Each structure stands twice: as structure tokens, then as C-alpha cells.
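**Q** Chains C and H supply the protein sequences, listed in that same order. Mapping the first sequence onto the numbering used here, position 60 (from 1) lands on 1293, and the numbers just tick up by one. Mapping the second sequence onto the numbering used here, position 41 (from 1) lands on 200, and the numbers just tick up by one.
Hint data in this document are derived by calculation from the structure and do not stem from the laboratory. None of the values given here were measured: they were computed from a predicted structure. Glycine is no exception: its CB is placed at the ideal position from the N, C-alpha and C atoms. You may find that some hints are simply not true.
Stated by the list, open to error - A short list of chain H residues far from chain C (calculated; beta carbon distances all over 10 angstroms): (1) Ile-308; (2) Tyr-314; (3) Asn-478.
Stated by the list, open to error - Restraint ranges, calculated between C-beta atoms of paired labels, are given here: (4) C:Ser-1245 / H:Glu-263: 47 to 57 angstroms; (5) H:Thr-357 / C:Val-1276: 40 to 50 angstroms; (6) C:Val-1350 / H:Ile-322: 43 to 53 angstroms.
As the list claims (entries may be wrong) - Derived list of chain C stretches under chain H, where covered just means 3 residues or more per stretch with a C-beta under 8 angstroms from a C-beta of chain H: (7) 1277-1283; (8) 1299-1311; (9) 1511-1520; (10) 1548-1562.
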Amino acid sequence: MNRFVQRHPVWSVIILLGAILLLWLIVSPWPAWLEETIDRKKVFINAVFNGVTLGALYFLVASGFTLIFGLMRNVNLAHGSLYLFGGYLGYTVSDYTGNWYLAFLVAFIAMAALGIVLQIGVFRRMEGEELRQTLVTIGISIVLADVMLWIWGGDFYQVETPDWLYGAIDLPIITGFKSDGTAVYMKYPAVRIFILVASIIVGILMWLALNRTRIGMMIRAGVDDREMLSATGVRIQLVFVAVFALGAGLAGVAGVVGGTFQALAPGVDTRFLLASLVVVIVGGMGSIPGAALGAVLIGLSEQLGSVYVPTYAVVTTFLIMVLVLAFRPQGLLGKG
Amino acid sequence: MAVLDQDRPGAGSGAREASRAELPAWLRRIHPVVWLLALFLLFVPAFTNSFIQFQIFGWAFLLGMIALSLMFLAGYGGMVSLVQMTVACVAGYMTAIFGASAVESISLFWPWWVAVPVAIVIAVIFGTITGALAVRTTGIYTIMITLAIAAAFYYFGEQNYSILNGHQGFNSVHAPVLFGVDLHDATPFYYLSLSLATLSYFAVLYVSRSPFGLALQGIRDNPRRMAAIGFNVTAHRIAAYAFAAFIAAVAGILLTWQNGQISPFTAGIGPVIDILVIAVIGGIGHPIGAFIGAIVYVVLRTFAIDILHNIGLDPSRFNMLVGLGFLAIVFFSPDGILGLWSRWRSSRSGAGLARVTGGGRGRDVE
């Protein structure tokens, strides 16, 4: 952090000013001229919150993707399929049992198991052949997409939200004033707040696991140099299996989360695969903080874009990616 | 790329020299087959109906051309670009926008001989820019970035109504009538696509043996060494993208004429991946692989439903068939059908086998 400030003083000031401006936009009630130029504050705040919660979901998906990529150099193009598969399984479980938490558990365990099978049965056989591994993941995603279409059909599914997360809650943010002068507070769906909090917890847990535990140390060492790691006597294949299981399981959990506040349908898999790709390209391949930063950036740009420039929303996301590639090809927080 | 050309004869520079020295003999051996194939392709319209000419061969030639542009990048440049179908669709969209279509509020109704070159130029510019972005990173990253660009274009097409007319796209984009011949008729279209596919096939062969192509293959095998002896690695790679974009753009315009329409779906993730599937099934080692893969894919796509129905399986499981077939190819023959063929041939003659493995090993040792 300090080194960044020392090396890029101008950028630090710009980032700081941007953050202050954003904070001011969120916290203070808007003056009339601002509401005239860019619509009501409520719209903006809603877009920001939607963007951040969407970013939280993207982070859940992309963190597994980036971990697998960072350690094994395996671009898992079936990651979106794992997301959707987990979501469908979670839906089925919560539909039968009525238990939302069980859905998470089943999705995590089932996808982690699938990940272990893939890692041991497929990817270990072609270790070091990155392109071939990627081609295999494409084949797997085609097959999985068809299997899911076979089982669940082309309908839209939504996982039932538990009662205590139903409805909206008031946030301590003033969006405007009524004619009699009382402040109007912002209402926001509780389930989205829950997702945001849960993602932050998952992110912190992952950070702790990576930075404070022995296996986390092995994983970080493997990301930097896996030959040297295996040369030091670490059973790297076990680490690979563990990371693949964790990444796939996280994708499954994200599927249930996504199924709760969005919908599950064919085609969602590619959408989230694309999101993961863009997030890790922007954030930096193999970096968990990078995935978090990229996820929030992409989520915000998608939501703000769809509010303010509806027909060019994708272009804003795309522009972010292009700018990052042009000026920092290794990603914002990637190692150069 | 080491994966795909590992046990291909002529992958290493030494082995390539050897195989070129043998080329006349190889040509003499294969000549009758090539002549037969050429005769067959020329006289296909004499004994087939318009459906076969238009939907099977026409489609296969066009998909083959797009896969050929991918094969050129992947096989000679070591860059697996998933953006080729998108480049083709950009060209298709541009013909619809500058030329005539049913969307009168957007189309400019320029004559086709202006609209087509403009479309090709724009698509080539698009392909070159994506190439310039993609070569910022190498190897496995290329797939990710090009896939992201391709997907972004698809979602852009779905969202944007002011230029690309959103989900619907453009209808009634017809091939022109040239000297009284309607190019949208089956037989003229067959010959048009056949001639352009043949041209692009020989263009790729020619470029691959030109100094540029050889430098590109050198860059594929060892970019650092090529840079050290004075080649501009980035410029060569971007030029390769531009050349590939040109082929894809031509095919894209024909594809739009063949369908009579262009919509985001044509550039969707499925079709984008299909191009890679075609190239890999056929074999990335040689330009003809793209067309072999394309004809296999088109025949499967057209008749698999009947075949699956006849052997008592659910006909809607077509994608699973394609996916499993693709997986089998990647598992057992990374060189695709071409690889199977050369392995079968070399297993008949022991000398050939020695040459194949020798070629593969020579590369590693070097």
C-alpha cells in the first residue's frame, strides 16, 4: 500500500479523490442540480448496491476460477457449468427438503466431488499440457450443458429464499426528502445484503486460509513456482486436488447464491464463465484480492452501465478489460 | 501449442526441412487423390440436389474457411483465437448495415460492390485490434481473452438496438445478382463458396511457406530466439491476426448471404466454440484439417438427429454426441482426424513411425 503510494503518487490521489466522490455520492443527499443532470439519487444508489452485490456473486465464482488457474495453469472453461450444475442441484434439494442451508452443503460437496474426479481422472493425465487441458474443459462444458438440459429442461428456476431473508430492509442511507421534510431511507432486499456479507466472509476466510495456514502457504508457493514446491517434498498432487475441489465447490455454492437472487436457466453457465474470465483478466490471474477488486469493478460497471447507457452496458465492461490489457496486461493486482 | 504439434511429422525445424525435401515424392503419391477430389467437387452439382449443394457443401466450405483462419493462427502462430467467428459476424453485420436488408431504418443500401469491401475492411480492422489486444499476453491467456472478446460482442449484439438491431439482427440480407446469375441460387452459391474456400486454402498454404509464414512458425516454436535474431515478434503475430481476419471476414459475408440473415446468435458462445471444435476435430496441423472437420461437423449437425432417432436414442442429445466426440478426439488424437490418418499410415510402414516419433523427439531435444 505504502509502496504503491510512493511509486504512483498521482494515481493514488486520483483513486483517493474517486473514492471520496463515491462516498459523498452515497452518503449525502443530492442537490437539485445533480438530480437534474443524472436522474434521482435512488436510481444511482440502487445501481451501486446492485453492482456491489453482483460483484460479490462474481467474486464467489471467480475466486475458484482464479485459484485453479493460478496454481495449475488450467483455464477451466467448464467453471460456468459447475456454477449452473451446483445451482440446479441446490434448487432440487431445497425444493424437496425446503431447507436452504442444505442446498449450499449439497452443492458444495457435489461440485467439490466432481472437481476431484475431474482433477484425478482427467487433468492429472495431461499435466503440463495446458492447451489440451483447456480443450478438454470445453468438451466437458458442452457435455455438462447438455446433461443439465436433459435433466432440468429449458425452464427458469429460482431457489426459494428462507423467510427471514424475505422482503426488504431499511439502510441508513438517505435517498431524498419527502415534501414534509422527513428523510426517506433506502430500502434494499435483505437477501442481497446477506449475499454481500456472506461473500465478504468467504473472502476473508479464503484470505486467512491462504495467508495464515500451512496449506495456504503451499498453495501460494505453488502459484509462484510449482516445480520448486514439488522439489521441496510437498505432495503437490494432493494440493492440486484440494484446490480444484475448493474452486469447484465454491462455484457450486455461487450457483445456489445466484439461483436465489437471479434465475437458473441454460445459458447462465456461459454468462458466468464470461464474468469469471473478465474478472480474472481485469483483477489479475491467480490473485484472490485481484478477483475481489475485478468482481466489484465489473459488477458496478455492468449495473451502472445498464442504468445510464442501456444499449452500451457491455461495452463499458469491455472497455475496462481493454484498458487493463493495454496498460497492465497482467491485471490490476497480478504479478508482473 | 506444443501439445498439438507434438507428434506431427515436421513439427521441429529439422524435421520440417526433411519433409520438404520429400515433398515431390509425397505429391506424386497423393496426386491422383487430389485430382479425384477436385473433379468430384467440381461435379457435385451434377448429381446432388440443391439442399446438398447449399446446406451441406456450402455451409461446410464457409465453416471450413473460418476454421481455417483459426487453424492458421493456432497451427502456424501458436495462438488459439476464439474470436474468428466473431470477426466473420462483424463482416456479416457490416454487409447488412452498409448494404441492403429488411431493417430499413439502419441499412444504408449501398451497392454490394461498395458494401462488401467496406465490410471486409472493417472486419479486418476489428480482427487486427483484437489481435493486438490478444498478443499482449501469450499462450493459454489468448484463449481467455479472445473468448471474453467474443462473448462481449455477443452480449453487445443482444443489447444494442441502435446499430446492430438487438436480438433480431438483420433479415433479408441477400447475395447480389451478378451478370444475371443469382448468387443465392444453390449451384452458383456452391461454386462461389467452393472457389473462395479453395483460394483461401491455397492462400494459407502459400503464406505458410512464405518468409512471413516461416517466421511465424519460428515465433511459435521459440519467440525469444526469433526476437533475438531481429524479428519483430509482436508485429508478426498481429499481421497473422489480420490475415486470418481477412479469410474469416470473407467467409462471414458468405455465411450471412447463405442464411439470408445475421443476428447475435450467429456469434454466440456456441458457434464460437464450434469453430474450435471443427478445427481440432479435423486437425490443427494442416490447412485441410479445417475442411475435414467442417464437413464432419456439418454432416453430423444435419443428419445426427435422424441417426440418433434411428438407433433409438433421444435425438435432442446431439450436443452430447458432439461433446463426447470432441473429448474422445482430444484424449486419443490431439491431431484430430488428420492425426489418426497419419498414425494409421505410419503404422502400416514402420519407417513412417520412426519418422513421426523422430520428428516429435527432435523438437524436444532441440
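**Q** Would you mind marking each hint as holding or not holding in the structure?
**A** Status of each hint after checking the structure:
1. Distance check for H:Ile-308 against chain C: the nearest CB is about 8 angstroms away, which does not clear 10 angstroms, and the non-interface claim fails.
2. Residue placement check: H:Tyr-314 does not keep its beta carbon more than 10 angstroms from all beta carbons of chain C (closest about 4 angstroms).
3. With a least CB separation of 4 angstroms from chain C, H:Asn-478 falls inside the 10 angstroms interface cut-off, contrary to its annotation.
4. Separated by about 53 angstroms at the C-beta atoms, C:Ser-1245 and H:Glu-263 satisfy the suggested range of 47 to 57 angstroms.
5. Judged by the Cβ atoms, the range 40 to 50 angstroms given for H:Thr-357 and C:Val-1276 is violated: they are separated by roughly 57 angstroms.
6. Between C:Val-1350 and H:Ile-322 the CB atoms are about 45 angstroms apart, so this pair conforms to the stated range of 43 to 53 angstroms.
7. Counting residues of the stretch 1277-1283 of chain C whose CB lies closer than 8 angstroms to any CB of chain H gives 0, so the stated coverage by that chain is violated, three being the minimum.
8. Interface restraint, the stretch 1299-1311 of chain C with chain H: holds (3 residues with C-beta to C-beta distance below 8 angstroms; minimum three).
9. Here the stretch 1511-1520 of chain C counts 4 residues with a CB under 8 angstroms from a CB of chain H, which clears the bar of 3, and the coverage holds.
10. For the stretch 1548-1562 of chain C, the proposed coverage by chain H is satisfied: 8 residues have a C-beta within less than 8 angstroms of a C-beta in that chain, meeting the threshold of three.
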